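Trainee: Chains as they are written, first to last, in this note's numbering: chain C, 1 to 264; chain R, 1 to 229; chain Y, 1 to 229.
Simulated from the structure, these hints should not be mistaken for laboratory data. Quick caveat: nothing in here was measured; it's all calculated off a predicted structure. Treat the hints with care, since some could be wrong.
Below, computed lysine-lysine pairings styled on DSSO-like, alpha-carbon distance capped at 30 Å [stated by the list, open to error]: (1) C:Lys240 / R:Lys72; (2) R:Lys51 / C:Lys66; (3) Y:Lys109 / R:Lys109; (4) C:Lys45 / R:Lys191; (5) R:Lys109 / Y:Lys51; (6) Y:Lys83 / R:Lys102; (7) R:Lys191 / R:Lys72; (8) Y:Lys83 / R:Lys72; (9) Y:Lys72 / Y:Lys51; (10) Y:Lys109 / R:Lys51; (11) C:Lys66 / C:Lys89; (12) Y:Lys109 / R:Lys72.
Sample of chain R residues lacking proximity to chain C, with all beta carbon distances greater than 10 Å (derived) [stated by the list, open to error]: (13) Lys51; (14) Gly55; (15) Val68; (16) Arg112; (17) Gly157.
Where a beta carbon is used, it is the ideal one built from N, C-alpha and C, also for glycine.
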Amino acid sequence: MSETEEFESDAMSVSARLAAEALIVDVEGFEGPLDLLLTLSRTQKVDLRKISVLELAEQYLGFVEKARHLRIELAADYLVMAAWLAFLKSRLLLPPDPTEDGPSGEELAAHLAFQLERLQAMRDVAAKLMARDQLGRDFFARGIPEDVTRVRRVTYTANLLDLMQGYARIRTKDEFRPFVMDRDAVMTMEQALDRMRGLIGYAGDWTDLTSYLPEGWETDPVRRRSATAANFAATLELAKRGAIELRQGEIFAPIQIRRKPNDG
Amino acid sequence: MTDDVTRDESVAQNHDDKRDNDSLFEAPPMGEQERMVEAILFASAEPVTVKELEGRMPHGSDAAEALVYLRKRYEGRGVSVVKVGDAWAIRTAPDLGYLMQKETVETRKLSRAAIETLAIIAYHQPVTRAEIEEIRGVSVSRGTIDQLIEMEWIRFGRRRMTPGRPVTFVVTSEFLDHFGLESARDLPGLKELRSAGLLESRPPPGAMPGPETEDEDESPEGQSELFED
Amino acid sequence: MTDDVTRDESVAQNHDDKRDNDSLFEAPPMGEQERMVEAILFASAEPVTVKELEGRMPHGSDAAEALVYLRKRYEGRGVSVVKVGDAWAIRTAPDLGYLMQKETVETRKLSRAAIETLAIIAYHQPVTRAEIEEIRGVSVSRGTIDQLIEMEWIRFGRRRMTPGRPVTFVVTSEFLDHFGLESARDLPGLKELRSAGLLESRPPPGAMPGPETEDEDESPEGQSELFED
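Go ahead and model the full structure; you've got the sequences and the hints to work with.
Mentor: Here's what the structure looks like:
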């Protein structure tokens with residue numbers, strides 16, 4: 001980022017600008033606000049346990065202010081942290097409000113210090129870990145592992161990644177499927193016909209067609225609509241075959257059906 | 001897998017010798033057992049467990065004892081007998097690494113994020129993704145976990161019994177092997193970290209800003225109200 | 001170690017003979033050279049010639065002499081230093097060859113069909129063959145199931161209490177062992193696969209069921225038409 005030309009150097013001296021930039025230019029290099037806070041805390045030159053969180057908050061807010069001045073856009077989480085630190089600062093400075101519950105400023109500050117110390121500790125041990133002797137770099141395994149070949153056997157193997165990717169491959173097929181009707185909400189006429197044939201034998205009297213809706217299909221509107229249509233079509237089919245009679249008192253009145261008397 | 005077959009075969013052979021009781025069977029002399037362990041460990045590039053060793057050795061063998069002698073025998077030599085988790089391997093002495101340029105395998109350079117994530121998993125295991133993010137203060141980038149799994153340095157542990165049952169990560173024995181660790185307890189600085197309380201999971205008091213996770217359910221709760229203005 | 005001392009003396013003697021050519025650098029003591037040869041032979045993927053050994057050892061080293069000592073040291077051990085053509089290698093002692101059956105195994109990658117079948121069983125167990133076919137969208141060959149059973153990664157579960165009482169398949173503890181899982185429930189869900197970067201992250205069209213529901217979903221119905229063509 002060499003955007004120096006773009007800045008108007010009105011308010012700041014060249015040296016001040018350079019100093020601000022030295023920190024800011026590298027925003028990309030920070031791994032998030034906590035990392036930046038950790039870097040800032042080093043300027044206090046004290047043990048992390050003795051760090052002044054208040055001072056740190058001010059440093060951070062100063063940083064954000066400078067970034068704004070230099071027209072560097074900070075990612076949202078940096079601004080979230082700034083807002084929180086401003087809140088923390090006010091909690092630390094103002095006398096505690098007894099009506100307010102939630103953690104005190106000191107508790108929040110202590111946790112932030114803990115987070116910084118923990119992050120620093122993890123960095124330190126990560127470095128220690130990587131500095132260890134490593135297999136294939138500092139020490140080595142057997143170069144000719146498969147020695148005596150008397151019986152050749154083939155085994156097949158796979159690792160977890162293969163397994164998960166295989167599963168993902170199958171399952172993502174669904175996401176790109178062409179539009180199809182989901183069968184579980186659709187009743188076909190054939191299904192209704194099969195059902196009606198069985199039921200109609202018991203119903204000698206006029207019965208409301210809606211009472212033939214199968215269980216589990218009466219409440220969900222989508223399923224109900226499908227079942228009603230299928231039932232109606234099936235009734236027409238049965239009537240056509242002469243198995244049942246149909247009647248309807250008036251338009252939109254309930255449709256009733258019964259077994260054809262002479263049939264049984 | 002296959003060693004089961006081998007084991008079964010050797011068991012079958014031993015059946016004849018084994019008359020009434022295991023104790024009646026005579027195991028080979030310890031010197032012989034030591035040779036066997038030596039041969040098996042030399043032949044394998046991967047660490048071999050005591051159980052596997054005994055499965056391949058004649059019935060009644062005591063691989064653990066043979067290992068004690070073997071380990072001693074190789075002290076100060078060009079190769080040494082090392083413990084990896086609950087398994088054993090022979091590895092070249094680290095001080096001779098410089099002779100081995102030809103054998104050096106180019107490992108993929110790990111990013112700083114990957115190294116930190118690995119260290120957090122090693123020291124905090126089993127650890128969830130949300131916890132890793134809490135510690136680092138940023139979200140774990142796509143592919144970081146993937147890369148560590150692919151290198152077989154981490155694997156899935158038990159799911160955490162908390163809402164959402166998030167998966168956890170732990171380090172593998174390949175990880176231990178790679179860094180020459182006998183067990184995860186031997187991680188450098190582990191004791192100090194623990195006594196400093198830096199490995200405790202301390203939930204943030206009330207509203208603390210955390211990384212923005214992609215998975216809503218995993219993100220630390222309670223931060224949104226505070227910053228909504 | 002007294003024999004090291006004797007060896008050092010003999011090196012000193014040799015030094016006198018070699019004075020004329022390369023006396024600029026002092027070669028390491030013979031004990032050290034022996035360690036080096038040992039480490040190189042151990043780690044090398046191929047037998048190594050004396051010339052190659054010396055090319056890798058510090059200037060002035062005498063690999064041939066170090067080999068004499070090393071060879072002697074391994075006499076009667078579980079492995080021995082042998083000459084292969086004009087090069088040297090460490091090999092299992094011939095009388096222990098029978099222990100090496102495990103090392104004679106050739107490993108091949110499991111076929112895609114087998115991996116997918118295995119994955120479906122792992123995620124949906126207990127699952128019938130018909131259900132596997134419905135999820136995969138293609139028929140599952142008898143050989144694939146047989147192979148997975150033979151590998152002891154899957155086994156028969158309870159029969160399903162539906163017409164025909166079809167057999168179901170479940171994964172075995174060997175499977176969990178191999179894949180480093182504590183239980184099949186620890187397998188990551190679709191959402192987690194996606195966030196770990198293992199899945200192309202594309203917003204699914206419409207409402208997609210989350211990973212939890214999919215885990216429970218034993219046989220997704222109503223999609224058979226889709227896979228039938």
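Trainee: So, for every hint listed, does it hold in this structure?
Mentor: Hints versus structure:
The straight-line distance between the Cα atoms of Lys240 (chain C) and Lys72 (chain R) is roughly 96 Å, outside the 30 Å bound, and the hint therefore fails. At most 30 Å may separate the alpha-carbon atoms for a hinted pair to count; Lys51 (chain R) and Lys66 (chain C) exceed this at roughly 63 Å. About 26 Å separates the Cα atoms of Lys109 (chain Y) and Lys109 (chain R), which keeps this hinted pair within 30 Å; it holds. Proximity of Lys45 (chain C) to Lys191 (chain R) is assessed by CA-CA distance (about 26 Å); at most 30 Å being required, the pair is judged to hold.
With a C-alpha separation of about 33 Å, the suggested pair Lys109 (chain R) and Lys51 (chain Y) falls outside the 30 Å cut-off, and the hint is violated. The hinted pair formed by Lys83 (chain Y) and Lys102 (chain R) meets the criterion: a straight-line CA distance of about 21 Å does not exceed 30 Å. Our distance criterion of 30 Å between C-alpha atoms is met by Lys191 (chain R) and Lys72 (chain R), whose separation comes to about 28 Å. Distance hint between Lys83 (chain Y) and Lys72 (chain R) is fulfilled; the C-alpha atoms sit about 27 Å from each other, no more than 30 Å.
Distance check on the hinted pair: Lys72 (chain Y) and Lys51 (chain Y) sit about 20 Å apart at the alpha-carbon level, within 30 Å; holds. At most 30 Å may separate the alpha-carbon atoms for a hinted pair to count; Lys109 (chain Y) and Lys51 (chain R) meet this at roughly 26 Å. About 18 Å separates the Cα atoms of Lys66 (chain C) and Lys89 (chain C), which keeps this hinted pair within 30 Å; it holds. Distance hint between Lys109 (chain Y) and Lys72 (chain R) is unfulfilled; the C-alpha atoms sit about 39 Å from each other, more than 30 Å.
Residue-level check passed: Lys51 (chain R) sits 19 Å from the nearest beta carbon of chain C, beyond 10 Å. With a cut of 10 Å on Cβ distances, Gly55 (chain R) stays outside the contact zone with chain C, its closest approach being about 16 Å. Distance check on Val68 (chain R): its Cβ is at least 21 Å (rounded) from any Cβ of chain C, clearing the 10 Å threshold; non-interface status holds. Arg112 (chain R), annotated as away from the interface, has a beta carbon of chain C within 10 Å; the closest lies near 7 Å.
Remark: the non-interface label on Gly157 (chain R) is consistent with the geometry, its nearest Cβ contact in chain C lying 13 Å away (cut-off 10 Å).
Figure legend: structure checked against the earlier numbered hints; hints not met, in rising order: 1, 2, 5, 12 and 16.
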